[in-house]
Amino acid sequence: MFPFLLRRLIAAVPVLFGVSLLAFSMTHLTPGDPVTIMLGERATAEDVTRLRTELGLDRPLPVQYGTFLVRALRGDLGTSLRSGQPVAREIADRVGATAALTFAAMGVAVVVGVLLGTLAAIQRSPLVDAIIMSVALVGISMPTFWSGLLLILLFALTLGWFPITASGGAGLVLPAVTLGLPAAAVLARLTRSALLEVLGQDFIRTAKSKGVAATGIVARHALRNALIPVVTIVGLQFGNLMAGSVIVESVFARAGIGRFAVNAIMARDLPQVQGIVLFAGVVYVGVNALVDLVYAAIDPRIGVK
Amino acid sequence: MSAPEAGPRRVGAGRRLWRKPGAVVGAFLIVAFVALAVFAPAVAPYPPTKMDFRAVQQPPSAAHPFGTDDLGRDVLSRVAHGARISLQVGLIAVGIAAVVGTLMGLVAGLAGGWLDGLIMRTVDVMLAFPGILLALAVVAVLGPGLANMMIAVGVSAIPVYARTVRGTTLAVMELDYVTAARALGAGRVRVALRYVLPNVSAPIIVLATIGIATSILSAAGLSYLGLGAQPPTPEWGAMLSDSRAYLRTGWWMAVFPGLAIMIVVMAFNLLGDGLRDVLDPRTR
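Just so you know, the sequences run in chain order A and B.
Sequential numbering of the first sequence, starting at 322, is according to the numbering used here.
Sequential numbering of the second sequence, starting at 205, is according to the numbering used here.
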């Protein structure tokens, strides 16, 4: 286990290095002079020169990157052009809202997905199976920015059950369902196929012939084995949910990192954009490493190879 | 590997695809979608950007089957013209991703060494940004707009092609008849064109079909966020974004563009799933 953990962590280092390089080079890849873009076309030559010196853009590129990296490692992501606030603090202020949404959506996805997938696999009617799989297909094909609007239309405006925008639990229901549904659809498909595969194996037949009840077989024998691939996909879906929060936060006007990112791009606030890119990349790489470790802990075969 | 039987098997693939109801439904919907995109000016009862201030926010009626929006534009006409943009975005984005990704994968697989390392580490870094985030980062660099959005969505889809093609390339290089050809003096370019490309075509077709669905979804998402198509372009995501303010008074403005996106995305997913079953040996 330990060597595997070490190898996995070392493997993440070049990727993190690349992410930092990408975030850094965004300033220079942008067509046109970054300082002029930040200040607008009407800025005076003195202002441009001053900001350039202030941002260190007049120094050689390797020096700039070195400074950027050292600062980022210390948690300093620069200062926002629009608000004058440290970007790191602006991100920290919003990370809670996005994390709450992501985890709530993950909860929705796992509960709904595993339940529907299990139901589709174990019931005997091909019609029920077809209905559940069609629902899953619709779930995968529906854009969240549409399903979110439909949920608002139905549950907030027509029925009045949930608020559209509110902090706290009630306001989280509709966004979490919106964000979680596509992931639930993916998990339902996967749980179904994994379960069908396990149910066809010898040890299930042995359990049956020993007289174990059908529910006991599914719950104690089949589901446990089927959940191993499901756990991996849950981990991979975490990144998709994080990315999806960009859109869902905009639909429900939630003050999270996703909406922050969109506003930063619209306003061409490069320090903010850079900070968010760096943050998102590091979090996702970290989550992926974590998922691999959990996977190795569940399935002892992984760590050996 | 499907390699040795790739030739004769392809003949049966179409017939087996025809026996999958989902794939057939998907294919028919795609034909309808392409027809709608091509004949949009004939299908649409009005020009897509024509405003009529005497008919603002009209519910669906005989004159306006999908109703009118907040500026009195005919929603059906805008949805029909939106098909053109979605088809364009899907084809161009997938074209960029498939061509660049395939080239990267081929070069990485054939060259090996530091070039392979460099290309695949680049792909790893791209994969550090899930879903729409990479496209968002590209838009952040290039700036919002329809053309930049297509590039952004295309670039964000490159990694999956690069990885698949590289993997297949490495596998094909191990096949006996390829080893034999190389022993007889076939160069890398000849191996790539004669042996590797025919073998990667099946997975690329599957990836590209599902990729069109994903690209249309991402592009509509970027336009919804205001980072893609700009007004008054009749783009489905942008239309949904406009409809937000009128949800209470004009549900039709939100329902029809979203329905269009869902049907098209579902069609490509259905066909893609069918193609995967037929062409991809791993799930056969």
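Since the hints were derived computationally from the structure, they do not count as laboratory data.
Yeah, the Cβ is synthetic: ideal placement off N, Cα and C, and Gly gets one too.
Watch out, some of these pointers could steer you wrong.
Only part of the chain A face toward chain B is listed, based on derived beta-carbon distances under 8 Å [to be verified]:
hint	residue
1	428
2	439
3	459
4	462
5	473
6	476
7	565
8	567
9	605
10	607
*Which hint numbers does the structure go against, in order from smallest to largest?*
Hints 1, 2, 6, 10 not satisfied by this model.
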